[in-house]
Each structure stands twice: as structure tokens, then as C-alpha cells.
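Asker: Protein chains in written order, with this note's numbering: chain Y, 1 to 442; chain W, 1 to 340.
There could be a bad hint or two in this list.
Here chain W is said to cover these stretches of chain Y; the calculated rule only asks that three of the stretch's residues, wherever they fall, bring their Cβ under 8 angstroms from a Cβ of chain W [to be verified]:
1. 48-55
2. 195-206
3. 227-241
Calculated pairs, DSS-like style, for lysine-lysine (alpha carbon to alpha carbon, straight line, at most 30 angstroms) [stated by the list, open to error]:
4. W:K272 to W:K253
5. W:K88 to Y:K204
6. Y:K204 to Y:K214
7. W:K88 to Y:K214
The hints are simulated quantities; they were obtained by calculation from the structure and are not laboratory data. For glycine and all other residues, C-beta sits at the position ideal for the given N, C-alpha and C.
These are the residues of each chain, in order.
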Amino acid sequence: MFRQAHLRVIVRHAVAGAAAWCALAFLAGCDGARPVLEHSLAPETTALDEATGEPRLALAVQADLRAELERLFGTPHAPRYAPLPEWRASGFDPNQPFESVGELSSAERDALRAENLGVFEDELEELDDANFADARPAERYFDLAASFDALATAPDRVERARTLLTDRYPTLAESAESYRVKCSHCHGISGGGDGRTGQFLDPKPRDFRHGVFKYTGQRERAVPRRADLLETLERGLQGTAMPSFRGLPLGERHGLADYVRLLALRGMVERRLAGLAAEQGDFTRDDADAVYAEVWELWQRADEHALVLADVPPEATPERVRRGRELFHDTARANCVQCHGESGRGDGPAVWTVDAEGERVLALRDEWGRPAEPRDLTRGRFRGGDRPIDLYRRIWAGIPGTPMPGIGGTRGSDGVPLFTSDEVWCLVHYVRALAYGSADDV
Amino acid sequence: MPGLELGLGTSVGEVEPASVPPMASTASTPSAAPAPSPWPRRLIVAAGLVLLPLFAFGGSVTTLGAGMAVTGWWNAEGSFMPFFPIDKWFRDLGTFVEHSHRQFGLVLGLLMIAAVVATWLRDPRPSARWLVTGALAAIGVQGWIGGSRVLENSPGLAFLHGTFSQFVIAVMAAAWVHQSTAWQATASLPFTQSARLRRLAILTAVIVFVQIGLGAWYRHALRTGLEGNLHMRIGIHMLGAIAVLGHVLPLAKRLRAAATEAPASPFASLAKGLTILVVAQLVLGLVAWMVARPEDVDFFQWLVATAHVLGGALLLAWCVAAAMWASRTVPSNAVAEGVR
Numbered sequence: 001m002f003r004q005a006h007l008r009v010i011v012r013h014a015v016a017g018a019a020a021w022c023a024l025a026f027l028a029g030c031d032g033a034r035p036v037l038e039h040s041l042a043p044e045t046t047a048l049d050e051a052t053g054e055p056r057l058a059l060a061v062q063a064d065l066r067a068e069l070e071r072l073f074g075t076p077h078a079p080r081y082a083p084l085p086e087w088r089a090s091g092f093d094p095n096q097p098f099e100s101v102g103e104l105s106s107a108e109r110d111a112l113r114a115e116n117l118g119v120f121e122d123e124l125e126e127l128d129d130a131n132f133a134d135a136r137p138a139e140r141y142f143d144l145a146a147s148f149d150a151l152a153t154a155p156d157r158v159e160r161a162r163t164l165l166t167d168r169y170p171t172l173a174e175s176a177e178s179y180r181v182k183c184s185h186c187h188g189i190s191g192g193g194d195g196r197t198g199q200f201l202d203p204k205p206r207d208f209r210h211g212v213f214k215y216t217g218q219r220e221r222a223v224p225r226r227a228d229l230l231e232t233l234e235r236g237l238q239g240t241a242m243p244s245f246r247g248l249p250l251g252e253r254h255g256l257a258d259y260v261r262l263l264a265l266r267g268m269v270e271r272r273l274a275g276l277a278a279e280q281g282d283f284t285r286d287d288a289d290a291v292y293a294e295v296w297e298l299w300q301r302a303d304e305h306a307l308v309l310a311d312v313p314p315e316a317t318p319e320r321v322r323r324g325r326e327l328f329h330d331t332a333r334a335n336c337v338q339c340h341g342e343s344g345r346g347d348g349p350a351v352w353t354v355d356a357e358g359e360r361v362l363a364l365r366d367e368w369g370r371p372a373e374p375r376d377l378t379r380g381r382f383r384g385g386d387r388p389i390d391l392y393r394r395i396w397a398g399i400p401g402t403p404m405p406g407i408g409g410t411r412g413s414d415g416v417p418l419f420t421s422d423e424v425w426c427l428v429h430y431v432r433a434l435a436y437g438s439a440d441d442v
Numbered sequence: 001m002p003g004l005e006l007g008l009g010t011s012v013g014e015v016e017p018a019s020v021p022p023m024a025s026t027a028s029t030p031s032a033a034p035a036p037s038p039w040p041r042r043l044i045v046a047a048g049l050v051l052l053p054l055f056a057f058g059g060s061v062t063t064l065g066a067g068m069a070v071t072g073w074w075n076a077e078g079s080f081m082p083f084f085p086i087d088k089w090f091r092d093l094g095t096f097v098e099h100s101h102r103q104f105g106l107v108l109g110l111l112m113i114a115a116v117v118a119t120w121l122r123d124p125r126p127s128a129r130w131l132v133t134g135a136l137a138a139i140g141v142q143g144w145i146g147g148s149r150v151l152e153n154s155p156g157l158a159f160l161h162g163t164f165s166q167f168v169i170a171v172m173a174a175a176w177v178h179q180s181t182a183w184q185a186t187a188s189l190p191f192t193q194s195a196r197l198r199r200l201a202i203l204t205a206v207i208v209f210v211q212i213g214l215g216a217w218y219r220h221a222l223r224t225g226l227e228g229n230l231h232m233r234i235g236i237h238m239l240g241a242i243a244v245l246g247h248v249l250p251l252a253k254r255l256r257a258a259a260t261e262a263p264a265s266p267f268a269s270l271a272k273g274l275t276i277l278v279v280a281q282l283v284l285g286l287v288a289w290m291v292a293r294p295e296d297v298d299f300f301q302w303l304v305a306t307a308h309v310l311g312g313a314l315l316l317a318w319c320v321a322a323a324m325w326a327s328r329t330v331p332s333n334a335v336a337e338g339v340r
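All chains, full assembly: derive it from the sequences and hints.
Answerer: Now the structure itself:
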């Protein structure tokens with residue numbers, strides 16, 4: 001028999017359940033709140049003069065620099081590139097990589113469209129049923145959702161919404177949000193490698209502001225292509241805290257590469273303008289525009305520096321491995337032993353030195369002023385990848401930002417290349433033999 | 001000794017059930033059954049004690065932000081994780097804390113494997129076998145989340161690792177109580193308000209669990225400094241503290257009432273422990289919030305934050321123990337009817 005006591009229990013549980021549900025909904029909703037973030041200037045830019053204790057760059061100049069960088073690159077919440085006049089003519093727009101000329105290949109666009117069909121499957125089904133309101137994308141695609149809302153009164157809104165979803169490519173602001181969640185705890189909001197997790201990492205997270213990326217497929221230590229950044233995102237860096245982001249949707253990976261490029265560009269412009277201001281005492285807006293265009297040109301011409309393989313890689317025969325070993329130990333030619341040592345363990349004579357206090361310290365430094373230890377090749381942990389093509393790139397082009405030189409582009413006084421492609425492959429095969437245990441057989 | 005407060009018996013795993021005094025006049029004590037092996041209990045107690053430094057180091061990892069101080073998991077910077085070189089282990093505070101946390105986790109896992117083997121071989125109770133096996137599974141999952149957090153360098157998994165650890169605490173506390181001599185010697189305890197006590201104890205354990213999760217939600221955001229809702233997070237955690245206080249104190253009161261009806265039960269010590277822990281947690285939490293400067297963690301901050309994390313884990317363990325013992329109570333009139 002139903003009693004009043006039962007009713008009380010039911011009401012009490014219903015109230016408690018509703019309260020718990022509201023609390024959970026509140027928490028779930030609030031978790032997406034975005035913080036107020038600001039870009040910072042590099043420590044070199046804001047450093048104090050050791051002698052005077054005053055800022056090396058006057059505070060007013062630092063403020064101008066901040067303002068110019070914001071004009072050219074936006075903020076962490078609203079990142080965007082200030083358009084250059086020449087882009088208008090060519091149709092290039094880095095703010096819209098999906099639409100612009102040359103940023104994405106047709107194959108990449110097809111892959112992104114195919115992926116979007118899966119990502120927005122539910123929304124597209126709603127559109128098939130002409131349920132425009134229910135097809136609104138989730139709030140994490142906030143720019144897409146805003147574009148979607150803008151179509152609300154258009155007569156052909158269903159068709160246009162379908163195109164919006166299938167052609168979806170993350171905006172810089174959406175990618176900045178992905179970067180905040182997934183990357184900035186190591187790389188820092190401005191890409192300085194100064195995120196809070198970064199303090200305990202060894203090796204340290206990359207400081208993008210130098211525009212130097214170690215593992216690329218570029219000659220002449222040029223800035224990387226988007227493809228290089230994407231490859232690092234997809235494969236991670238073995239033996240470091242940089243994981244693979246292959247699990248992310250392709251579009252999001254592209255977006256992260258775009259945003260990393262923006263941070264690198266921003267940092268390069270900052271460093272150059274700070275250098276200019278240090279020389280001249282100040283800089284003008286024209287200076288800023290000129291530096292911006294100059295840095296952008298480096299990135300736009302990155303493809304021209306790509307290391308392209310003309311031939312099929314030769315087989316790893318014992319003769320080639322033996323030849324590679326000769327070159328590795330030949331102090332007049334490749335001279336790898338100088339740093340990597342006789343046994344390839346990274347203990348060559350150039351690695352260590354004795355400092356003023358008589359301590360044995362690493363002699364080699366990298367672009368960021370940190371000690372650079374040559375890789376122990378016998379352990380088989382190659383950060384830029386252990387495929388033959390990865391090692392070929394490292395040996396041919398070197399590792400930008402480190403003392404590891406590239407031998408591929410070196411030429412003698414007569415202009416003839418000092419190393420043939422086959423000789424570089426011989427070194428690749430020898431290094432792989434060192435790592436994977438068959439070098440002793442040779 | 002925490003084990004005593006959780007109702008383990010008088011000498012933490014060393015006393016045979018026959019030496020345990022009867023819980024109450026109506027408590028039933030198996031008399032004909034052979035004496036159970038002390039080894040499952042000993043191993044669970046050892047594992048429970050390892051949880052303390054494991055939690056202290058785990059909390060310190062979050063406080064210092066040192067979760068990525070050692071690259072790799074089983075392959076830790078080229079070394080098999082248990083044999084990570086000692087000079088690297090002590091190279092800096094972050095590495096020391098992170099690797100010590102891993103080593104205690106490893107010891108816990110090994111002890112629990114031994115406990116599972118011992119329980120399946122020497123403890124005939126199916127509930128004991130499955131509870132210990134469940135605890136081992138939870139520890140395995142927790143280790144896997146922790147390892148993945150490092151391999152993926154994922155703050156999200158770090159938060160999950162911190163929260164799931166509370167589930168491990170809850171299951172371990174249940175296993176600890178289940179293996180205690182007092183528990184094995186007690187079939188039922190009389191208490192007039194048995195049903196209310198059970199409901200309140202379970203609800204309190206759930207609330208404490210959620211509250212610790214909220215604390216982790218705040219702490220992990222505080223550490224990265226990349227979330228925009230820190231004030232809201234700490235605000236909710238403080239509201240949660242009021243909810244915890246509003247449940248733990250009535251639970252302690254009801255446990256004291258139960259202790260008067262079953263004087264030889266662990267209810268009185270459970271009530272005392274809950275009261276001390278909840279008050280200490282409130283004070284520690286308040287101080288931790290006031291001194292928190294995540295960009296510059298000093299010894300005092302670390303000490304208070306770690307004590308707060310450890311206190312939360314102990315409070316949850318106490319609540320789980322209280323809920324388990326509450327489940328052993330039966331209404332006094334039902335006992336009387338049973339006697340008749």
C-alpha cells in the first residue's frame with residue numbers, strides 16, 4: 001500500500017537526483033570555459049642589462065613591440081595574420097588555408113572532406129532530414145557554429161550548411177584552443193617552450209620563436225614546410241616527451257601545424273624587431289611590416305628548400321656498410337667520429353671540454369644555448385625517426401639548431417659536391433648497422 | 001595505526017580470529033571452521049601501508065608539476081623502469097618524486113599480486129577472493145593510466161589518474177576491512193537505526209569521493225595555469241567541503257550511537273577518526289588554498305598540499321570502512337526476533 005512515507009522518499013530522491021544532474025551539467029558546461037591568456041615577449045627581449053640593471057630594450061619600445069605583434073598576429077584568443085598586399089593578388093590567405101592557393105593539396109582536401117563526413121555524420125543526417133536547428137555543430141567548433149548560426153535566415157541554408165560541414169577546416173582561433181589544451185602546457189602560450197610541464201622535461205620542449213625546427217626534410221637549414229610540422233605531430237619525437245598526435249582528426253592536426261607556424265612567425269618577427277630596436281633604439285611600423293613580409297617570405301619559399309630524393313635508395317649491402325664505416329671514421333671527410341666517437345656512442349673528442357673551474361663539461365651548444373649531446377647511435381633511438389629516409393635527411397641536411405652539420409650540400413673549392421648521394425646512403429646504412437647490431441659483421 | 005581504526009583487529013593481521021573478543025552478544029563467530037591463513041591479511045595490510053607513500057609522492061608530483069620528469073614508462077630514458085639508474089633518480093626533486101611514485105606503485109602491484117595468489121589459495125571466501133582480485137585489477141588500470149599519461153604527455157590523463165586513484169583507495173580499504181580478523185569474526189551487529197546508518201555511510205563515501213575528484217579538478221588546472229575557471233573550480237570544491245562536513249559529522253554521530261549499542265565494535269574509533277580527519281582536512285584545505293603559488297612551489301606549500309591529498313585519501317578509506325561496518329548492522333528488534 002502506498003504510504004506518505006514512500007512519497008517522501010520518492011520526492012527526496014528526485015530532488016537529490018535533479019541536484020546531482022544539475023551539478024554535473026554545470027561542471028560539464030563550465031569545463032569548456034576559456035581562460036584569459038596573453039602572449040608574452042621572449043626573455044631575451046625583456047632582459048635587464050647586467051651592468052645597469054635597466055631593461056636592455058626600453059619599456060616603451062617593448063610596449064610598441066607588443067602592440068605591433070598583436071596587430072600582425074592577433075591574440076591567443078583571436079589569432080590572425082595581417083594580410084600582405086601581394087597576397088590579395090595571388091589569392092593566398094593563411095587565415096583561410098582551406099581556401100587559399102597552394103596551402104593544401106587536392107589530395108589533402110579530399111582526405112579532409114572524407115574525414116568531415118565521419119566527424120559530422122550526425123549533423124549531416126539531420127540536414128538530410130531538413131532539421132537545420134538540430135544540425136548545429138558542437139560548441140567546441142565555435143567558429144563553425146557561429147558560421148552555421150549566420151545561415152539561419154538564408155533560404156538555401158541547408159545546402160550551405162552541408163558545404164560548411166563537409167569543407168570544415170579549423171580556423172586559427174579553433175586551432176589556438178586545441179593548442180592551449182594539448183600543447184601549451186609544454187610549449188607555452190607563445191610557443192617559447194616555457195609551459196609549466198616543460199620545466200622538468202629533458203630535452204626541453206621546442207621554443208618555436210626561433211623558427212628553428214630540428215627534424216625536417218629541408219636543405220640549408222631553412223624553415224620547415226607545413227608538411228614537416230605535420231609529420232612531427234603525427235610521429236612524435238622518439239625518446240622525448242613529444243607524443244604522437246596521430247589520434248587527432250586530420251583537420252585538427254593541420255590546424256595545429258598552422259598555429260605552430262603562426263607562433264614561429266610571431267617569434268621570428270619579435271626577435272628581428274627586437275634586434276632592430278637594440279641597434280637603432282626604436283623601430284617604426286614600416287620596419288615591422290618589412291620584417292613581417294621578410295619572415296613570411298621565408299615560410300612561403302620553404303618548399304623550394306625541400307630535400308627531394310631523385311633516386312631509389314640503394315640497398316644496404318655489406319660493401320655499402322663498410323664504405324659507410326670508412327667515411328664515418330675518415331677525419332678528412334665526414335669526420336663523424338669527432339662528435340659521435342669511434343664506437344658511435346656520442347663520446348667523440350669534440351664533445352667535452354674543461355671549464356675555468358677544471359670541471360669536465362659539454363663543449364657543444366645548441367641554438368637555444370643549451371648543452372648539446374651528440375646522439376649515441378648504438379641505442380637506436382633517433383628522435384627524428386629511424387627509417388633510412390629519416391637518417392638520410394639528418395646526414396644530408398644536418399639538424400638545424402644543433403652542431404650536427406649536413407654533408408649533402410658541401411662542395412669543394414672546384415664546386416664539386418664532396419659527397420655523392422650514394423655515399424650518404426652508405427653512412428645511413430652504417431649508422432643503422434651500428435644501431436641494430438650488424439656492424440660487427442662487416 | 002590506521003589499520004586498527006579501520007577495524008582490523010587488535011594486532012594488524014597477527015591475531016587469529018579465536019582471540020578476537022565477540023563484537024556483541026548477538027554477534028556470531030564461526031567456531032568449527034579452520035583458522036584462516038594470516039597471509040592474505042598480512043599482504044593486504046602491507047599493500048595498504050605502501051599506499052601512504054604512494055599517495056604522498058603522487059600528490060607531490062601534481063603539486064610540483066613533475067609528471068613528465070622521467071621520459072618513458074617501462075622504458076624510462078632507456079632503462080627498464082624498476083632499474084632506473086640511481087644517479088638519475090636523485091638528479092633533481094621532480095625526478096626523485098616522480099620515480100619514487102612509480103617505484104611505490106610497482107611495489108604495491110607486486111604485493112597485491114602476492115595477496116591475490118594467497119587469497120585464492122588460502123581464503124575460502126569467494127567475496128574475499130574477488131574483492132582482492134578487483135583491487136589488483138583497479139591498481140593495474142591505475143598504473144596503465146599513469147603510464148599512458150606519461151607516454152601521451154596528457155594533462156587529461158593526469159587528471160584521470162589522480163581521480164581514479166580514489167577508486168583504488170576505496171577498493172583497497174574495502175579489501176583491508178574484509179581481511180580483518182574483526183570482520184571475519186563478526187556476522188552481525190545490532191543497531192536500532194541500521195538502515196539509516198547504512199544509507200548515510202554509503203552516501204557520505206560517495207560525496208567524499210566526488211569531493212576529492214573536484215579537488216583534483218582544481219589542482220590539475222591550478223598546476224597547468226591554462227584553464228579559465230579556477231575560481232569557479234575552487235568555489236565548487238569549497239561547497240563540496242561543506243557537503244562533506246554536513247555528512248561526515250552526522251555519520252560520526254550515528255556511529256557513536258551505534259557504538260553504544262555494540263560497544264565492542266569499531267564504531268567508536270571510526271567515528272573518532274572521521275571527526276579528526278574531516279576537521280584536519282578543512283584546515284589543511286583552507287591553508288593549501290591560501291598559500292598556493294603554483295609558479296613557485298616552496299616546502300610549506302608542498303607539505304600542506306601533500307597532507308591535504310593524503311588526508312582526503314584517508315578520509316575516503318575511513319568512509320568506506322564505515323560503510324562496510326554499517327552494512328554489518330541489523331535492526332535491534334530483528335536480532336531480538338532472531339534470538340527468539
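Asker: Compare the structure with each hint and give your call.
Answerer: Results for each hint:
1. 48-55: violated (count 0)
2. 195-206: Coverage by chain W holds for the region 195-206 of chain Y (7 residues, Cβ < 8 angstroms).
3. 227-241: Per the Cβ count (3), the hint holds.
4. W:K272 to W:K253: Holds. K272 (chain W) to K253 (chain W) sits at ~9 angstroms (cutoff 30 angstroms).
5. W:K88 to Y:K204: Satisfied, since the Cα-Cα distance of roughly 17 angstroms is no more than 30 angstroms.
6. Y:K204 to Y:K214: holds, 13 angstroms
7. W:K88 to Y:K214: It holds: about 26 angstroms lies between the C-alpha atoms, which stays within 30 angstroms.
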